[in-house]
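Colleague: Taken in sequence, the protein lines are chains A and B.
The opening position of the first sequence corresponds to residue 1 in this note's numbering, with each subsequent residue numbered one higher.
The opening position of the second sequence corresponds to residue 1001 in this note's numbering, with each subsequent residue numbered one higher.
These are computed hints drawn from the structure, not numbers from a lab.
Note that beta-carbon positions come from the ideal geometry of N, C-alpha and C, so glycine has one too.
There may be inaccurate statements among the hints.
[Unchecked claim] Using 27 Å as the maximum straight-line C-alpha spacing, the simulated DSS-like pairs for lysine-lysine come out as follows:
#1 A:Lys11 / A:Lys173
#2 A:Lys49 / B:Lys1112
#3 A:Lys173 / A:Lys233
#4 B:Lys1202 / A:Lys91
#5 A:Lys91 / A:Lys233
#6 A:Lys11 / A:Lys40
#7 B:Lys1202 / B:Lys1171
#8 A:Lys91 / A:Lys40
#9 A:Lys173 / A:Lys40
#10 A:Lys233 / A:Lys49
#11 A:Lys233 / A:Lys11
#12 A:Lys233 / B:Lys1171
#13 A:Lys40 / B:Lys1171
#14 B:Lys1171 / A:Lys91
[Claimed, not checked] Simulated coverage check for chain B against chain A, where a stretch passes if three residues somewhere in it have a Cβ under 8 Å from a Cβ of chain A:
#15 1019–1032
#16 1159–1165
#17 1244–1254
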Amino acid sequence: MPDRPVRVLGKATRDAYGETLAQLGRENPRIVALDADLSKSTKSVVFAKAHPDRFVNVGIQEANMVGIAAGMATTGMIPFASSFATFLMSKAFDQMRMAVANPHLNVKLVGSHAGVSIGEDGASQMGVEDLALACALPGFTVLVPADAVAAGSLTRVAAEHVGPVFLRTGRAKAAEIYATGTEFRVGGSVTHHLGRDVNVLACGLMVFEALEAAAEARAAGIDAGVVDLYSLKPVDADAIVAAAAASGRLVVAEEHLHHGGLGSIVAQVLAERHPARVVSVDLEDRYAESGTPEAVLEACGMTSGRVLEAIRKASAL
Amino acid sequence: MPAPATIPVEALRALAPRIRADALRMIAAANSGHPGGSLSAVEILLALYRGVLRHDPARPDWAERDRFILSKGHACPALYAVLADCGYFDRDLLPTFRRFGSPLQGHPELGKLAGVEASTGSLGQGLSIGLGMALGHRMQGTDARVYVLMGDGEINEGQVWEAALSAAHLKADRLTAIVDINRIQLDGFTSDILELEPLADKWRSFGWEVIELDGHDLDALVEAFARVRSIDGRPQVILARTTKGKGVSFMEDNPEFHGAPPSADELARALVELGVAHA
Chain A
1 MPDRPVRVLG
11 KATRDAYGET
21 LAQLGRENPR
31 IVALDADLSK
41 STKSVVFAKA
51 HPDRFVNVGI
61 QEANMVGIAA
71 GMATTGMIPF
81 ASSFATFLMS
91 KAFDQMRMAV
101 ANPHLNVKLV
111 GSHAGVSIGE
121 DGASQMGVED
131 LALACALPGF
141 TVLVPADAVA
151 AGSLTRVAAE
161 HVGPVFLRTG
171 RAKAAEIYAT
181 GTEFRVGGSV
191 THHLGRDVNV
201 LACGLMVFEA
211 LEAAAEARAA
221 GIDAGVVDLY
231 SLKPVDADAI
241 VAAAAASGRL
251 VVAEEHLHHG
261 GLGSIVAQVL
271 AERHPARVVS
281 VDLEDRYAES
291 GTPEAVLEAC
301 GMTSGRVLEA
311 IRKASAL
Chain B
1001 MPAPATIPVE
1011 ALRALAPRIR
1021 ADALRMIAAA
1031 NSGHPGGSLS
1041 AVEILLALYR
1051 GVLRHDPARP
1061 DWAERDRFIL
1071 SKGHACPALY
1081 AVLADCGYFD
1091 RDLLPTFRRF
1101 GSPLQGHPEL
1111 GKLAGVEAST
1121 GSLGQGLSIG
1131 LGMALGHRMQ
1141 GTDARVYVLM
1151 GDGEINEGQV
1161 WEAALSAAHL
1171 KADRLTAIVD
1181 INRIQLDGFT
1191 SDILELEPLA
1201 DKWRSFGWEV
1211 IELDGHDLDA
1221 LVEAFARVRS
1231 IDGRPQVILA
1241 RTTKGKGVSF
1251 MEDNPEFHGA
1261 PPSADELARA
1271 LVELGVAHA
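Using the sequences provided together with the hints, build the complete structure.
Modeller: Right, dumping it as structure tokens:
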């Protein structure tokens, strides 16, 4: 049984993305990056500096950017288009739908500043519906890394996968979870421990919170496990069923609104294959507000303490 | 490279009524579709596919081909008729337009039908996609050109002007836009819905080379498409003044035929007017 994890803040997932993308650019001349005037924030700037001939800053034009990326993909290039998750999904959804998803083009969309952990900039900049929207698009693969190692690896997975991918990254430094070399794949998951009382299914920054909460629960006599469902679509349904079979009661933890994210995906799998009770830890059905990341995360319940409460609640069901 | 028969303007002129008739027959058979904007674009499509584009219907995926995007996707009956005429697919498919299981979708879809280069129908997207193709070609060192046909109603969409800004900034000189200015959109005349003029000034001020012409004048079209090839450093737009419903008297300039199919009687009268009643 794993020990209580130590919170060591590593790189943000957006940093790992930018660095890995630049490396991929060295390995594959068909990789090209686009940004809509946020490259310093999304970290596609790392690619831009390394490969200026294969970087296009289109200006503040997300819809145009996604259309351009689609056109590039039809010529055999592998475009990575980055912006804030909310701007990509909200401003370019129609372009993702008809220019990318409909013809199933090999376009990679990377949305940073996801969730509420950006803090001070407030609700307009927070990507909190992005996973629901991305998962709605037929044929899209949707990936949510929990730390920098996962982000780097999933960037590579996205480049190697043929077809549209949405990769979600964050601004905040991410607590380190994975050893370099950990394997990630489309449709995969990582089961950290399978609990007999409760299992927490989580993605993104909530994976570390879940690991911490599960360790505390175990110290208190509740056998709690954690599954990192970093591939929201396709989701590792077998891992969800295994978790439900092991504990019967589950917690889902995600930095996303209540509707359409990981909670909805898990509920659908359970309803179809293995009915089980679920307690949700998410952003509910409302927008957050400005504040320090710590204050906003606390106010929104994106903490190990809140996950622990949910574990206790689930274990009592 | 290959041969899709570039044919003389005289022959193109003779071909136009047949393309119009094919488009109208398809729409009538489906009992749905968009006659007006299909008929207004016939000469533009013929000039491109039979006089300008470097393409090979036998190899629709040929990497060096020029690309054409029908951004005003609702005009696809005319596109499908021209593609079939070029030999991209058998003419027998034309009557399956809009039928369940047919590759001839109600609006064009990439991957369903040979010769279709983008999924369109949600207006305003084609110019961005075409710009992406042009940039992809440039990065790969191919000299292929990209042509994007938009409707005048379509350019109400903001994305068109995003693409217009960025194409000029990125000096996409192998990108040519064509605007089919038939003056009518779904709810009425463009000048009543949303005024576009002075349109040439708008494109010029965005940094585009502007050519204005009669969009039914095949000589002018072929000449303009030759001229755009010599323009370096900036994208080009051909503002083609056309007549919606061109070639069928009761459809011409008639907003009612934007998206309504002809009845059997109207189709028969249209075919007589086009001179192909027994074709």
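Colleague: Take the hints in turn and mark each one as holding or not.
Modeller: The hints, checked one at a time:
The suggested pairing of A:Lys11 with A:Lys173 holds, with an alpha-carbon distance near 5 Å, which does not exceed 27 Å. In summary, the hint linking A:Lys49 to B:Lys1112 is not supported, as the alpha carbons are separated by about 39 Å, beyond the 27 Å threshold. For the hint linking A:Lys173 to A:Lys233, the alpha-carbon distance of about 25 Å falls within 27 Å, and the restraint holds. In summary, the hint linking B:Lys1202 to A:Lys91 is supported, as the alpha carbons are separated by about 24 Å, within the 27 Å threshold.
The hinted pair formed by A:Lys91 and A:Lys233 meets the criterion: a straight-line CA distance of about 22 Å does not exceed 27 Å. With a CA separation close to 15 Å, the supplied pair A:Lys11 and A:Lys40 stays within the 27 Å bound. With a CA separation close to 17 Å, the supplied pair B:Lys1202 and B:Lys1171 stays within the 27 Å bound. Note on A:Lys91 and A:Lys40: the hinted pairing holds, with a Cα-Cα distance of about 20 Å set against a maximum of 27 Å.
Taking the CA atoms of A:Lys173 and A:Lys40, the gap is near 16 Å; set against the 27 Å cutoff, the hint holds. Only pairs whose Cα atoms come within 27 Å are accepted, and A:Lys233 paired with A:Lys49 is rejected, the gap being roughly 32 Å. For the suggested pair A:Lys233 and A:Lys11, the alpha carbons sit about 25 Å apart, so the restraint of at most 27 Å is met. In summary, the hint linking A:Lys233 to B:Lys1171 is not supported, as the alpha carbons are separated by about 38 Å, beyond the 27 Å threshold.
The straight-line distance between the Cα atoms of A:Lys40 and B:Lys1171 is roughly 24 Å, inside the 27 Å bound, and the hint therefore holds. Annotation: proposed proximity of B:Lys1171 to A:Lys91 holds, straight-line Cα distance about 25 Å (limit 27 Å). Figure legend: the stretch 1019–1032 of chain B, annotated as covered by chain A; annotation inconsistent (0 residues with Cβ-Cβ distances under 8 Å, at least 3 required). Coverage of the stretch 1159–1165 of chain B by chain A holds [criterion: at least 3 residues with CB-CB distance below 8 Å; count 4].
Here the stretch 1244–1254 of chain B counts 0 residues with a CB under 8 Å from a CB of chain A, which misses the bar of 3, and the coverage is violated.
Of the numbered hints stated above, those contradicted by the structure are hints 2, 10, 12, 15 and 17, listed in ascending order.
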